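Student: Using this note's numbering, you'd call the opening residue of the sequence shown number 1 and step up by one each time.
Just so you know, these hints were derived from the structure itself, not from any lab. Hints are supplied without guarantee of correctness; some may be wrong.
[To be verified] In the DSSO-like style, the derived pairs of lysine-lysine whose C-alpha atoms are separated by at most 30 angstroms in a straight line are:
1) K82 to K100
2) K166 to K126
3) K166 to K82
4) K100 to K166
5) K157 to K126
6) K126 to K98
7) K354 to K166
8) K166 to K80
9) K126 to K139
10) K354 to K339
[What the hints assert, rightly or not] Derived CB-CB ranges, DEER-like:
11) A308 to S111: 40 to 48 angstroms
12) T83 to Q312: 41 to 49 angstroms
13) A308 to K166: 27 to 35 angstroms
Since we're looking at a predicted model, the values are computed, not measured. The beta-carbon is built from N, C-alpha and C at its ideal position, and this holds for glycine as well.
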Amino acid sequence: MNKRTKSIKATAAILAALFFASQALLSNAAGKHDSSDSPVIPSDSAAEIATAADNADILLDQHRIINVVDDVLAYWNQAKGKTLPRARRLWLRLVESKNKDFFERSVYRYSSPDERREMLDEFLIKLPSRIDAIRQFNKLFESPSTNPVVAGVLDFKARFPEFRIKQDIYLGVSLLRFDGSVRPVASEEGYPDTLCLGADVLSSYPPEDIQIVVAHELFHLYQFNFLFKPEIVSLRSGLLVKQVQLASLATAHTPLMIEGMAVAASEAVYPNRPRLSYLHLSEETLLQQQSELMRNSQRYLLLMTTGAGPDQYEQWFTNGSNESVPSRGGYLLGYEVIKRMLGRFTFEDLVRMKPAQLREQAEEQMGAITTDWVMLVAAN
1 MNKRTKSIKA
11 TAAILAALFF
21 ASQALLSNAA
31 GKHDSSDSPV
41 IPSDSAAEIA
51 TAADNADILL
61 DQHRIINVVD
71 DVLAYWNQAK
81 GKTLPRARRL
91 WLRLVESKNK
101 DFFERSVYRY
111 SSPDERREML
121 DEFLIKLPSR
131 IDAIRQFNKL
141 FESPSTNPVV
151 AGVLDFKARF
161 PEFRIKQDIY
171 LGVSLLRFDG
181 SVRPVASEEG
191 YPDTLCLGAD
201 VLSSYPPEDI
211 QIVVAHELFH
221 LYQFNFLFKP
231 EIVSLRSGLL
241 VKQVQLASLA
251 TAHTPLMIEG
261 MAVAASEAVY
271 PNRPRLSYLH
281 LSEETLLQQQ
291 SELMRNSQRY
301 LLLMTTGAGP
311 DQYEQWFTNG
321 SNESVPSRGG
331 YLLGYEVIKR
341 MLGRFTFEDL
351 VRMKPAQLRE
361 QAEEQMGAIT
371 TDWVMLVAAN
C-alpha cells in the first residue's frame with residue numbers, strides 16, 4: 001500500500017466519524033409521510049422558476065444532475081415478480097455496475113460484503129411498496145421547471161449568492177439510508193464534495209420537507225468548500241493530507257457547529273416556518289428538548305471539554321435507542337449556538353472559520369447557555 005493510499009484511507013476514517021449525522025432521515029424523526037401523492041414543489045415565484053429552468057446549466061454552474069433513478073426504474077421493469085436471488089443479480093448488473101462511484105462512495109462506503117448484501121436485500125424486499133412513489137417523484141426531474149433541485153438551488157443562491165456548485169449532483173437511491181447527504185464521490189482524497197439525494201426516501205416527503213433537505217445539504221457543500229480547502233497542500237509528488245489538522249475536527253464541537261449552521265441556514269433560506277421543520281423533530285420531541293435545553297447543554301459541553309470520542313457524541317445526532325441521550329438533540333443545541341453567534345457574525349463569517357475558531361466559539365456559547373441554566377436554578 002503506497003503512502004497516498006494510506007493517507008486517503010486515514011482521511012476517510014476520520015471523516016466517517018465527523019459526518020455520520022448527514023444520514024439522518026426526516027421520516028424517522030417527524031413521523032412517516034404519506035407517499036400516495038407525487039410531491040409538487042410550490043414556487044414562490046413561478047416566473048423565477050421558469051427563468052431558472054431556461055438557464056439550469058448556469059444555475060448549476062455547468063454541472064449535471066446524474067439520474068440513477070432512471071436505471072432503477074428500468075431495472076424494475078425486468079425484476080418485477082422475480083425471486084430475491086434473481087432480483088439481486090439483476091440489480092448488480094443493471095444498476096450498481098453502471099453507477100459504481102455513487103454506490104461505493106455514497107451508499108455502501110465502509111460496509112462489509114455481508115452488510116452490503118443485508119442492506120440491498122432489505123431494500124429490494126421493500127421496493128415493490130415504494131416503486132410507484134419513486135416513479136412519480138422522478139417525473140419531477142423531467143423538466144427544469146418542476147425540478148426540486150433547480151428550485152432549491154435558486155432559493156439557496158438567492159440567500160447565499162457566492163455559493164458555487166463544484167461537482168455533479170446525484171439523484172439516486174440510498175437503500176433507505178438517507179434522504180440527502182454530502183459524500184466524497186468525486187474526491188480522490190476522501191473529502192465530502194458531492195450532493196447525493198435518496199429518492200427512495202425523499203419520495204415519501206411533502207414538498208416543504210424536500211425544500212429543507214436540499215437547503216440543509218447545500219449549506220454543507222457551501223461550508224465544506226472552505227472547511228477542507230486549507231487541509232490539502234500541493235506537492236510535486238501529489239497531495240499531502242494534513243492528518244494532524246484534520247484530526248482536530250474529530251471532536252464533539254464539529255458536528256455541533258456544522259449541523260447547527262445547516263439548520264440555521266435552512267431557516268434563513270425558508271424563513272417563518274415551524275422550528276421543528278428545520279430540526280426534523282416531532283412537536284412533542286422539540287417541546288421536551290426545549291424544556292431540557294440548558295441541562296443538555298451542560299452535558300454536551302462536558303463531552304467537548306473532556307475530549308469525548310465519536311462513540312459518545314455521535315449519539316446526539318441520531319435517532320438512537322439510548323434513552324439517556326435526546327434523539328437528534330445535537331441539532332437543537334447546535335442551532336441554539338449558531339443563533340447566538342448570528343448576533344455577532346454573518347453566515348459568510350461562519351463558513352470561513354477555521355477548526356480552532358469553531359471549537360472556541362462552540363465552548364464559549366455552550367458555556368453561556370449552561371451559565372444561564374445555573375443562574376436560573378440559583379434564582380429558584
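Student: A separate judgement is required for each hint: does it hold in the structure or not?
Tutor: Against the structure, the hints come out as follows:
With a C-alpha separation of about 23 angstroms, the suggested pair K82 and K100 falls inside the 30 angstroms cut-off, and the hint holds. Between the alpha carbons of K166 and K126 the distance comes to roughly 34 angstroms, so the proposed pair goes past 30 angstroms and is violated. For the hint pairing K166 with K82, the CA-to-CA distance comes to about 40 angstroms; that exceeds 30 angstroms, so the pair is violated. Using a Cα cut-off of 30 angstroms, the hinted pair K100 and K166 holds, with the two alpha carbons roughly 20 angstroms apart.
With a CA separation close to 36 angstroms, the supplied pair K157 and K126 exceeds the 30 angstroms bound. Of the supplied pair hints, the one linking K126 and K98 holds, its CA atoms being roughly 22 angstroms apart against a limit of 30 angstroms. Taken as a hint, the K354 and K166 pair is honoured in the structure, with Cα atoms around 21 angstroms apart against an allowance of 30 angstroms. Restraint check for K166 and K80: not satisfied, since their Cα atoms lie roughly 37 angstroms apart, outside the 30 angstroms limit.
At most 30 angstroms may separate the alpha-carbon atoms for a hinted pair to count; K126 and K139 meet this at roughly 21 angstroms. Note on K354 and K339: the hinted pairing holds, with a Cα-Cα distance of about 19 angstroms set against a maximum of 30 angstroms. In this structure the hint that A308 and S111 lie 40 to 48 angstroms apart at CB is violated, the actual value being about 25 angstroms. Separation of T83 from Q312 is about 43 angstroms and conforms to the stated range, judged on CB atoms against 41 to 49 angstroms.
A hinted range of 27 to 35 angstroms holds for the C-beta pair A308 and K166, which are about 33 angstroms apart.
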